[in-house]
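Trainee: For reference, the chains in residue letters:
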Amino acid sequence: DTTVKQNPRYKLARVGKPVNLICSQTMNHDTMYWYQKKPNQAPKLLLFYYDKILNREADTFEKFQSSRPNNSFCSLYIGSAGLEYSAMYLCASSGTDSGNTLYFGEGSRLIVV
Amino acid sequence: QEKVQQSPESLIVPEGAMVSLNCSFSDSASQSIWWYQQHPGKGPKALISIFSNGNKKEGRLTVYLNRASLHVSLHIKDSQPSDSAVYLCAVRGRGSALGRLHFGAGTQLIVIP
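First to last, the protein sequences are chains A and B.
Here my numbering is used: the first residue of the first sequence is 1, the next is one more, and so on.
Here my numbering is used: the first residue of the second sequence is 1001, the next is one more, and so on.
Worth double-checking, as some hints may not be accurate.
Looking from chain B toward chain A, a few residues come up when the C-beta cut is under 8 Å (computed) [to be verified]: (1) V1004; (2) G1016; (3) K1042; (4) G1043; (5) P1044; (6) A1046; (7) R1060; (8) L1101; (9) F1103; (10) G1104; (11) A1105.
If you want the ones that stay clear, here's a sample from chain A, every Cβ over 10 Å from chain B, calculated [stated by the list, open to error]: (12) P8; (13) A13; (14) Q41; (15) K44; (16) R56; (17) T60; (18) K63; (19) S72; (20) I78; (21) Y85.
Derived from the structure by calculation, the hints contain no laboratory data.
Even glycine gets a Cβ: it sits at the ideal position worked out from N, Cα and C.
Chain B with its partners taken away, still in its complex shape:
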């Protein structure tokens, strides 16, 4: 079964800082990697996904995938207090049916105004 590890467990940054979140997974043939954001009292919400080696940019978000090192990272530029949330990395494993995802335990991000 796919194993997903996230670091750091928590992160506190001042408003405007660049945030870097890390995720490692166990199978280089994993189909796709997703980042979800979860605010308190809410369900996780999909932010960005990546399928191919390399990077993908959407607005203030950039995700980097390196299958050889089994590592993916999420970078948030110009962080805002509204970015304060738990960030979950999720991997769709090789041969996994449909949208079945394996999640990490998450990184708690706090952005201080």
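With the rest of the complex left out, here is chain A:
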């Protein structure tokens, strides 16, 4: 089973409110990623966990938080949503046994109003 599941699939949030997106995988992959995808733009890596170690990209360091309570789950947290956070958020996982192929979920579409 090469499934990555994301919840919720759709989220409507008010400006200034928090947003929490959830991702799970059952492939025992050691690495989980969060990408942000806006229309006509490349997916942008926000952060990734290798095992329990969080790596955040320099230009998104303060905007997004994440947690990984166990190997299967990873969350993406926005403390105060702004209009610019409206996007598709894609979760992916990879492992050494998958040849570093990224397996993506179907995404969580966030609209901030």
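Model the placement of chain B on the given structure of chain A, informed by the hints.
Mentor: For chain B alone, kept in the frame of chain A given last:
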């Protein structure tokens, strides 16, 4: 940071046509190049990857990598309506940890029956 550019932005072809998609990247020492396919409402799915200069064939897909010209192309033989999707080029940069990938913005392919 690795820069990935894809062309064309969109492409419409009749069923059975040969499709050629292009991708340029900025670092000749990039470790590997991947092509992902994304259907509407779905997450990206890995199609084929290449590590060494030259070409690689899998079924109807052929990928060509030329590190000297910083160019990689994906060719789809005998295109089918089910091939209609966005195709994303992704590059694993020199020294990038794990499966960390830099993506292009994608090419929208439409195959008309």
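Trainee: Does each hint fit the structure? Answer for all of them.
Mentor: Verification of the hints:
Proximity of B:V1004 to chain A holds as hinted, the smallest CB-CB distance being about 7 Å (cut-off 8 Å). Look at B:G1016: its Cβ only gets to about 29 Å from chain A, farther than 8 Å, so that hint breaks. Hint status for B:K1042 relative to chain A: holds, with the closest Cβ pair at about 6 Å, below 8 Å. Interface restraint check for B:G1043: the shortest CB-CB distance to chain A comes to about 3 Å, inside 8 Å, so the restraint holds.
The interface hint given for B:P1044 is met, as the beta carbon of that residue sits about 5 Å from the closest beta carbon of chain A, less than 8 Å. Of the supplied interface hints, the one on B:A1046 holds, with its beta-carbon coming within about 5 Å of a beta-carbon of chain A, less than 8 Å. Because the beta carbon of B:R1060 sits about 19 Å from the nearest beta carbon in chain A, more than 8 Å, this interface hint is broken. With a least beta-carbon distance of about 7 Å to chain A, the hint placing B:L1101 at the interface is held under the 8 Å criterion.
Because the smallest distance between the Cβ of B:F1103 and any Cβ of chain A comes to about 4 Å, under 8 Å, the interface hint for this residue holds. The restraint placing B:G1104 at the interface with chain A holds, with a minimum CB-CB distance near 5 Å, inside the 8 Å limit. About 5 Å separates the beta-carbon of B:A1105 from the nearest beta-carbon of chain A, less than 8 Å, and the hint is met. Under the 10 Å C-beta cut-off, the non-interface status given to A:P8 relative to chain B holds; the minimum distance is some 14 Å.
In this structure A:A13 is separated from chain B by more than 10 Å, as the shortest Cβ-Cβ distance comes to about 21 Å. Non-interface call for A:Q41 relative to chain B: violated, since the shortest CB-CB distance, roughly 6 Å, does not exceed 10 Å. The beta carbon of A:K44 sits about 8 Å from the closest Cβ of chain B, which is not more than 10 Å, so the claim that it is off the interface is violated. For A:R56, the shortest C-beta to C-beta distance to chain B comes to about 12 Å, beyond the 10 Å cut-off, and the non-interface label holds.
Against the 10 Å criterion, A:T60 stays outside the reach of chain B, whose nearest CB is about 13 Å from its own CB. At roughly 18 Å, the least C-beta separation between A:K63 and chain B is larger than 10 Å, which holds for a residue marked as non-interface. Under the 10 Å C-beta cut-off, the non-interface status given to A:S72 relative to chain B holds; the minimum distance is some 17 Å. A cut-off of 10 Å between C-beta atoms confirms that A:I78 is not in contact with chain B; the least separation is 20 Å.
No beta-carbon of chain B is positioned within 10 Å of the beta-carbon of A:Y85; the least distance is around 19 Å.
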